[in-house]
Amino acid sequence: MAEKLLVAGVDVGSATAKAVVLDRDGRVRGSSLLPSAPNLSGVGREALNEALAEAGAEAGELAAVAGTGYGRAALDFAALRITEITCHARGASVLFPGTALVVDVGGQDSKAIRMGPSGEVRDFTMNDKCAAGTGRFLAVMAGILGTSLDVLGPAGLRAMKALSMTSTCTVFAESEVISLISQGEAVPDIAHAVHQALAQRLAGMVRMVGADGPAVFSGGGALNPDLVDCLQSLLGLVFQIPERPQLTGALGAAHLALRKAGA
Amino acid sequence: MGRTTYLQGQKAAGRKVAAVWPARYPAELLWAHGVCPAEVWDPPAGQALAGAHLQSYVCGVVRQGLEFLLSGGLAVADFLLFPHTCDSIQNLGSLVRDLVHEPKPCLFFYPPRSGGSERAAVYLEAQLRTLSADLTRIAGPLRDGALEGALALGRGRTAAVSELYALRARGGLNASNAEFYGAVRACEYLWPEDAVLHLKAFTKTHAGRQRRGVPLVLSGVLPAPSDLAQRLDGLGVAVVEDDLLVCGRRFARAPLPEPGDPWKAVAARLLALPPCCTTGDGVEDRAAFLAEQVERSGARGVVFLALKFCEPELFQIPSLSGAMRARGIPVLIVETELGTTTPAGMMTRVEAFLESLP
Amino acid sequence: MRVASELRFRWMKDVALPVLLKARERRPRERPRGESPLGPPLESTRSLKRLMTRHYALARYAEGARPVAWVTSGAPVELLRAFGCYTVYPENHAALCGARRMGPEICAHAEEAGFSRDLCSYARVDLGHALSGLTPVGRLPRPDVLFCTNNICQTILYWFKELSHGEGIPLVMLDTPFIASGEGTPEVFDYVAGQIKDAVPALERITGREFREDRFHDVLRSSIRASALWGDVLATMRHRPAPMTVFDAFVHLAPVVSLRGLPSCERYYEGLLAELQERVSRDVAAVPGERHRLMWDNIAIWFALAPLSRLFAEHGWAGVAGTYPNAWAETTHYLDLADPFGSLAKTYTLIFLNRGLDYRLGLMEAMGRDYQADGLVLHSARSCKPYSVGQYDLRQALAQRLGIKSVVLEGDMTDFRTWSEEQAKTRLTAFFESLDG
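Here the protein sequences come in this chain order: A, B and C.
Residues in the first sequence are numbered from 5 upward in steps of one, following the numbering used here.
Residues in the second sequence are numbered from 262 upward in steps of one, following the numbering used here.
Residues in the third sequence are numbered from 29 upward in steps of one, following the numbering used here.
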């Protein structure tokens, strides 16, 4: 039997499922990103298989698999289950050594994580129960504006006018956006106001854990350039953005699997 | 045996039953009048009826208590007692009596906020006598020596709970979190002698080496949601102490000197309970109390269960958690709500906290 | 040092501020009235602005010159005045922040420090101010003493304990037990009066000043008079058409809340009352064409006061009564110079927020009749539990007893993040339609 040379991290979130396969030297050999599904275990396995296929490898070659994300408990094939907080922190410090702060905006959760010098979690905070402050908030707003998440970010960058949005409760914000539309405000201006409102919520979370040091923005929210801009100017910080920010948690999980495998 | 069945048995034995809202009240006085208090903290109840009376921003303890009352869950009670614990419970009591027109008598009790002052003790004693007059109308007068007898029952119950807590803190209790809180919370409705028997039996059955787990202290109002203790078991958390308002904050950890006068003794027992935000105790006192619990039990951190819309608790959590951090004690704050199950996000936070412990 | 502060304070108070404020007023500030549905604005508003601006402007010079006390709205401030304390009301300050739409910005500082968004927004504004220094009034003086009474809510107690803990400032607290039914017992009043007496040596220690009984009596007399004048001011709204509205009352109650016991407060209400009585004699309406009369329950929605006032007026609605403004005229009749401590205890323990809902129902019913209200707006303020818990049933009971329709507005005093202007407008418009129906 061939020596088991690979490890994997699988991150099953509310919106997407992600997997990363590493070799023993910590190099990424394969990865995947799929829309999530109610069958958490199934979609996790699917993400893993896709990443394995990209790596040209098979499940039998895996020395360890770590599961994370809100679906982690369902990942029966993962020997290791670790929270997305620890995984995002690890992933960010692998990509950008010395990272002291991670902001992650995912579908259902957003979080701010403060880390110590060796990437260990010192403190963290997450959004409260309502959807305000998460990717879900942006998705709802994009829906009302008749556009998609990919378009919302670039649109916000084209804003010409500063509109103010006060509500960060999704339901109230919805009615605010609708009234802005009915007042004939332009989509880019509204999009920017939405980002500004979300960024304020995130900035509050960041300040709760402490807002300084090298910072990384991960999760799907990092793909929204206007949101990142808004948060940067609110905090006076520059965020590093991973090339594929949504994979940060899976990458961190894979590295924790690697440690477990004793490499 | 369920609570209601038990309480019906109490009535059959000639006692009266009081539905008592949180948190601090002179149980001894009720016992002395032959009244068995059954506390209403987080009864199993939906939201259907209370919603017509209470806004959505009112805390779950108040909402569920009202729901339980309106849906007939407290039919067994002869009367209701509302300690003035917070603004919401105060208004609930008045709402139930004045506007919902609950036919059962509604009594009120006000724990003074001015700490251990002599004036507070005097006022407290005056209130005990007023309450006793109300109880006389409902359950009959105090018999000679009844108050002294009730005080002895109280000492016995406190001793039994203390022993159980001490055993757990020393690592000598082989019980899950769920089992432990199930046992202690039975005191919420058991007649004190039954409570002592129950606690002693539990202590005896479960004495032994503690299960392995990360030792933590819980702070807050309730171990809520209701499945929380069980979920903590699943994560490998061993709760070793608590300053939960429903449990650890309601009995003194060490025996108290008691004045000879039984009325003064009942008042003194209330005034000597562990520090609590609801009676106006400051952060310093609570921090010292919690730190001592951590030290004595060897806990590795404190988890604050921040009950949604609970003003007295929520005001102190920033300073209290800060005071713990300043002592080098790791803390986690999680927002909780009464309800049927623990949300996944909350368990993720606890897990991440465990992962981050040094 | 003390002498320098004293001189600076006096110079500002007697020379500089009067000149400065006059100069500011001379600037033309004619606002185009446009098509306002409201009647002519009250002349007294100008003196009110002068009075309150002076109060806040002078506050920062009080540091070092006078003992500075931060006080809750339901506290027996008369005692502090006997020590010559300069008083600042965090609740009044928070309302001001709310009116200037600064609530969420200041609250955010408290929230970032860990204070839950579910907590009272007055407290969050105050704690946020303590953490950030943000305020629309330049600067608040650092308190030498915190003085609080839990007759309006228990929140006050947690909040002032937190201020005291965070800033290391001595706290004097009066515990006023809740009166669930009846008129209170001698034991309750003894307990409260005893605490007020105990506060005297405590305040002597903290302020370094002696308690002067003659001064105390003067202050009490002034306080009684100011409250009575305020009661007369409110009573002018019984007239049809009402010469001012409850929205005006919200604005004009600032002095009786925070300057009660000072001569300037009495003088102010003498002027306001005279103006209103003159209006009544000429039937000048605050809402021209007044068709309906409304009672408001709970604290104001400060950030929406003006738009709401306009919206009501547009539909011919005059707000004529409110449980909140009434609170400062409600119990002062208990004050008795022959028994200052005992009567202060009664005055401050028996306010409606410290009593059972049956009492409140009776009070609202009487107000509804006295002021001939034909509609009721209940502001359900998520910040304020003692005021809001029970409103749904009060509403039902009043509908039965008075036969009036009512509407609930979900809102807050300062935090407009939980307020939806559109939703409120729709709700109110539907309410007006149902009444005109």
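Keep in mind that a hint or two might mislead.
What the hints assert, rightly or not - Listed below are several chain B residues computed to face chain C (Cβ distance under 8 angstroms; list not exhaustive):
1. 304
2. 375
3. 399
4. 402
5. 405
6. 471
7. 570
8. 591
To be clear, the hints were calculated from the coordinates, so they are not data collected in a lab.
Glycine residues also receive a C-beta, built at the ideal position from the N, C-alpha and C atoms.
### Message
Tell me the hint numbers this structure goes against, listed in increasing order.
### Response
1, 3, 4, 5, 6 and 8
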